[in-house]
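Could you put the whole structure together from the sequences, leaning on the hints where they help?
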Amino acid sequence: MGRVYIKKEVCIGCHLCELYCQLQHSRSTDLIKAFKRESMRPSPRLRVEEKEAVSFSVRCQHCDEAPCVYACLSGALTRDSKTGLVKVDEERCIGCWTCLLVCPIGAISRDTAEKKVLKCDLCQGEDVPACVANCPNEALIYVEVQDESHSTEGKVIAMIQ
Amino acid sequence: MKTYLTPKFLVQRDPERCIQCQVCVNQCTFDTHYYDVEDDEVRSHDENCIGCLRCVLFCPTRALTIRQNHLDYRDNYNWRPEVIEDIVKQAETGGVLLTGMGNDKGQRIYWDHLVLNASQVTNPSIDPLREPMELTTYLGRKPDRIELDSESSTLKTELAPQVSLEVPVMFAAMSYGAVSLNVHESLARAATEMGTLWNTGEGGLHSKLYKYGNNTIVQVASGRFGVHAEYLDVARVIEIKIGQGAKPGIGGHLPGEKVSSEVSLTRMIPQGTDALSPAPQHDIYSIEDLAQLIYALKEATNYSKPISVKIAAVHNSAAIASGMVRAGADIIVLDGLRGSTGAAPKIIRDNVGIPIEMALASVDSRLRQEGIRNQASVVVSGGIRNSGDVAKAIALGADAVYIGTAALIALGCHVCQQCHTGKCAWGICTTDLRLTKRVNPDIGARRLTNLLRGWSIELKDILGGLGVNALESLRGNRLHLRGVGLTDTELDILGVRMAGS
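For the protein sequence lines, the chains are Z and E, in the order given.
Numbering-wise (the numbering used here), the first sequence opens with residue 17 and increments by one.
Numbering-wise (the numbering used here), the second sequence opens with residue 556 and increments by one.
The hints are simulated quantities; they were obtained by calculation from the structure and are not laboratory data.
There could be a bad hint or two in this list.
[Unchecked claim] Only pairs whose alpha carbons sit at most 16 Å apart, straight line, appear in this in silico EDC-like list of lysine to aspartate or glutamate:
#, chain 1, residue 1, chain 2, residue 2
1, Z, LYS52, E, ASP997
2, Z, LYS23, Z, GLU66
3, Z, LYS52, E, ASP595
4, E, LYS660, E, ASP641
5, E, LYS901, E, GLU602
6, Z, LYS49, E, GLU571
7, E, LYS563, E, ASP595
8, Z, LYS52, E, ASP569
9, E, LYS978, E, GLU637
10, Z, LYS23, E, ASP569
11, Z, LYS23, Z, ASP105
12, E, LYS711, E, ASP699
13, Z, LYS67, E, ASP987
14, Z, LYS52, E, GLU571
15, Z, LYS98, Z, GLU81
16, E, LYS853, E, ASP829
17, E, LYS978, E, GLU785
18, E, LYS563, E, GLU602
19, Z, LYS23, Z, GLU81
20, Z, LYS132, Z, ASP105
21, Z, LYS49, E, ASP569
22, E, LYS660, E, GLU637
23, Z, LYS24, E, ASP997
24, E, LYS763, E, GLU817
25, E, LYS901, E, ASP569
[What the hints assert, rightly or not] Every beta carbon over 12 Å from chain Z, so not counted as near; a handful from chain E, in silico:
#, residue
26, GLN577
27, PRO996
28, ARG1037
[To be verified] Quick look at which bits of chain E chain Z covers, simulated, 3 or more residues with Cβ under 8 Å:
#, region
29, 607-618
30, 1011-1022
Cβ atoms here follow ideal geometry from the backbone N, Cα and C, with glycine treated the same way.
In structure tokens, the structure reads:
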């Protein structure tokens, strides 16, 4: 498993990462079909933060000590000890939004219709997450993490620098 | 006042393909696209579109097409649409019409009327994939004669400082402030990677880029922006800018809005103040004055680097060039009629100066006649579009060329001529921090390196076809050129024979 690193100095705020995240998590593989034909627009699992000249796209950082996993009432959120991926079991999610409150970077969003949480799954099954593959300015970088045991202190901060 | 101008472009949005994602809205810097919340629909103000095509390239569903909006005025060769529209603009503003990029008028492009030779039967061509090809170019003053020590076979003559280029193509002067720091970094990194030089332009060198100094030409222009001892010391070549092909005889004006805090530090002027470059250098009113500045710079840098002097190609360039060489210039740069700019009065850009091909041929001939051609390298710029133009320029007598527009196109420029607005949607000709991010120096350096690599391979192919294995064998060898569709006078000035003769 890898991590998505953000180079905010070259993020141009085009929101294409959001768009391709939506496509990746829709039934269709075609943008026009996904957005026009599917009855409900798929929701993105990340969002672009913007203020004046600064912008960057925020997604789950799959924290080693993930507060959302500790806070989850139903045990829907778990961290895979092998891969380090923090994932949500949609069957068990009860839509209590506790994880939203504790996430330090606000990376979890709500699917209000289904009453489930939505979060980045690093596009399991793809070589590179869709947001990274489709960033037109290489502002997102996907780096394979070899050694999961090394110190992760300050990782979240490092990732948005 | 009601405007009598009509939109230059029409935005066509295919409703079948548009998914209302608003990427066009966030990428357009001219407020052409907007999102109507009430109708959940993206629409366009056609009249704002300047045809940079940023939205077309970024639309993820290819829903957008931009078309020119040619109005059917009554046919009139004299009162063409552009002429009429310029008058309307001035009637509505009362000002000088400003523009960016180079002359877009139809003056003859002589490169298109020159063709290169190739070897057949009587002299073999060379396959550049199998045999070494030499593109290395040395810029700087060459001695009148060389003396060798007969015993050790070493050079006794002391050589003036020389700069070696692995590709005879350098990046032309574009100042920080006109273009962004990311553009400068892209140019600097690509020049370093390809073993050539880039030019700071007249706005100084950001301290972040000092590490690329060995591949940097620094400019000393009439405004003296950012000129200090360290600036001169880090550079490989120092260039005195007298003139620019896009606006010969005209100074520069960087509006205060573009003078951000970083630009102000680099230019050494207060933030937000207009950066005015006077039309002349006020300490240079003669060749003797030029010699003083050249030698002042040589003294300041301990005679360690070549001094270049850049002029716009004008009617008496040949005589001026002779004076420049005699004043001590080691490199002379000629910038032709089609040279570009970040901002110039349109009337100057389109009507002043002479084509670079003519200036180059006449300067090279004149320096040869006077026996001083060896004393300076000749560099040309202004509208060099591809490696064919480079080869022809070198055959006409140039030592190397500068590319400006071609380099910017490699970075994303679509030649929409809005540089003077500071709103470049491609993030090139702007200092707006929201826009400068659009040029990622990692990608920019890669694109520029690719361009130069492509051209250098093509140049080797051309040389191989000519049956020579070094650019030196092509340099100034006008017998490798023939003219097509040119008059006797044109051929005479170019020093080129008619095709078939």
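Given hint ASP595 (chain E) paired with LYS52 (chain Z) - CA-CA distance at most 16 Å: Roughly 13 Å between the alpha carbons, so the hint for LYS52 (chain Z) and ASP595 (chain E) holds.
Can you confirm whether the C-alpha distance between LYS901 (chain E) and ASP569 (chain E) stays at or below 16 Å? Violated: LYS901 (chain E) and ASP569 (chain E) sit about 35 Å apart, past 16 Å.
Straight-line Cα separation of LYS853 (chain E) and ASP829 (chain E) no greater than 16 Å? violated (30 Å)
Can the restraint linking LYS23 (chain Z) and ASP569 (chain E) be considered satisfied, given a maximum Cα separation of 16 Å? violated (33 Å)
For the pair we were handed, LYS901 (chain E) and GLU602 (chain E), check the Cα-Cα distance against 16 Å. Not OK: LYS901 (chain E) and GLU602 (chain E) at ~21 Å, beyond 16 Å, violated.
Straight-line alpha-carbon gap LYS24 (chain Z) to ASP997 (chain E), limit 16 Å: holds (14 Å)
Given the hint that LYS660 (chain E) pairs with ASP641 (chain E), test it: the Cα-Cα distance must not exceed 16 Å. holds (14 Å)
Please verify that the nearest CB of chain Z lies beyond 12 Å from ARG1037 (chain E)'s CB. The claim holds: ARG1037 (chain E) sits with its nearest Cβ about 45 Å from chain Z, beyond 12 Å.
Tell me if chain Z covers the region 1011-1022 of chain E under the three-residue, 8 Å CB rule, please? The restraint on the region 1011-1022 of chain E is violated, since only 0 of its residues have a Cβ under 8 Å from chain Z and three are required.
For the pair supplied as a hint, LYS49 (chain Z) and ASP569 (chain E), confirm whether the alpha-carbon distance does not exceed 16 Å. holds (15 Å)
Quick one, are LYS52 (chain Z) and ASP997 (chain E) close enough, alpha carbons at most 16 Å? Distance ~36 Å between LYS52 (chain Z) and ASP997 (chain E) Cα, so the pair is violated.
Quick one, are LYS98 (chain Z) and GLU81 (chain Z) close enough, alpha carbons at most 16 Å? Given pair LYS98 (chain Z), GLU81 (chain Z) holds - Cα atoms ~14 Å apart, limit 16 Å.
The structure shown violates the earlier hints numbered 1, 5, 7, 9, 10, 11, 16, 17, 19, 25, 26, 27 and 30.
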